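The listed protein sequences derive, respectively, from chains D and C. Per our numbering, residue 1 is the first one in the first sequence, and the count goes up by one each step. Per our numbering, residue 1 is the first one in the second sequence, and the count goes up by one each step.
Simulated from the structure, these hints should not be mistaken for lab results. Since the model is a prediction, treat every value here as computed from it, not as a measurement. Every residue, glycine too, gets a C-beta built ideally from N, C-alpha and C.
Far from chain C, by Cβ distances over 10 Å, these chain D residues were calculated: (1) Gln3; (2) Arg6; (3) Gly8; (4) Ile9; (5) Thr11; (6) Glu15; (7) Glu25; (8) Ala28; (9) Ala31; (10) Leu34; (11) Val36; (12) Cys45; (13) His75; (14) Gly80; (15) Pro99.
DEER-style ranges, computed between Cβ atoms: (16) Gln72/D <-> Gly10/C: 44 to 50 Å; (17) Gly24/D <-> Gly140/C: 29 to 35 Å; (18) Ser42/D <-> Val18/C: 55 to 61 Å.
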Amino acid sequence: MLQSAREGILTLAPEQPLIALHEGELGADMAEALAVHAGQFSDVCFDLSRVREIDSRGVGLVVDLHRRCRQQGAHLRVTGVTPHIRRVFDLFQLGALFPVEEIVEPAGRGEA
Amino acid sequence: MKALVDAIMGRRVTLGRVVTLRLVARNDMRAVEQIVREVMRFLDDQARPSEDWQLRFALCLRETVYNAVMHGNQNRRDASVDIEAQWHPDSRRAVLVVRDGGRGFDWKSALESERTQGADRVRGRGLVILAEMTEQVDVGSGEVRFTLSLPPPADGPA
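Working from the sequences, and respecting the hints, build out all of it.
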């Protein structure tokens, strides 16, 4: 998982699908990042722009990250969300827990 | 990786116009992604579905197989999971049937239980995904079946 901490914002960017197969590894990476940078951030940006697939375990990972952020007094924001992942988030009203921002496609993509 | 390769075997059957892929997999969560690849390759060969449709079907497939491995077969390594993917070309429907060694469950009450949990729960979302992302779900004894249709093909050039 890519990560960076700057100006009070910890950014975590998974590069694998958020599915059960990767649940253990992703959960451990998140926990480690939050511990390593503890006290250095007030906001966490979970950047999903490299992720196309999610399942129920992946949703659980994001909710667990939200819980961990709250425990550390930080706010979670999820960015780079594809329409498919947005649809899954909407099934569970995750937008009520934390802000969810959809992926921004480069201007002009798909045009002749 | 040999164990994973051995974890699955399958064959295709054509009966009338319906084409079916049958897989038997070990009751192992590590086999799930191989099952997903095989089923999605089969459906891609049959119907060339859109990426969005494939993402939706693969999600429901994963949830159904997880349920079979963890709940139906209770994570028993000596158990197996049978997967049947059917393509019905006339109605443009894909039907997925997953069978395990369990006794089945009460779909309505299990779904209701998931629906009433708070948004901040970590587990317990698979049945809601199945219910909301497919057109039909049928649960029988040791069997879960769901259906997802493809939209009519776009008209070709005149």
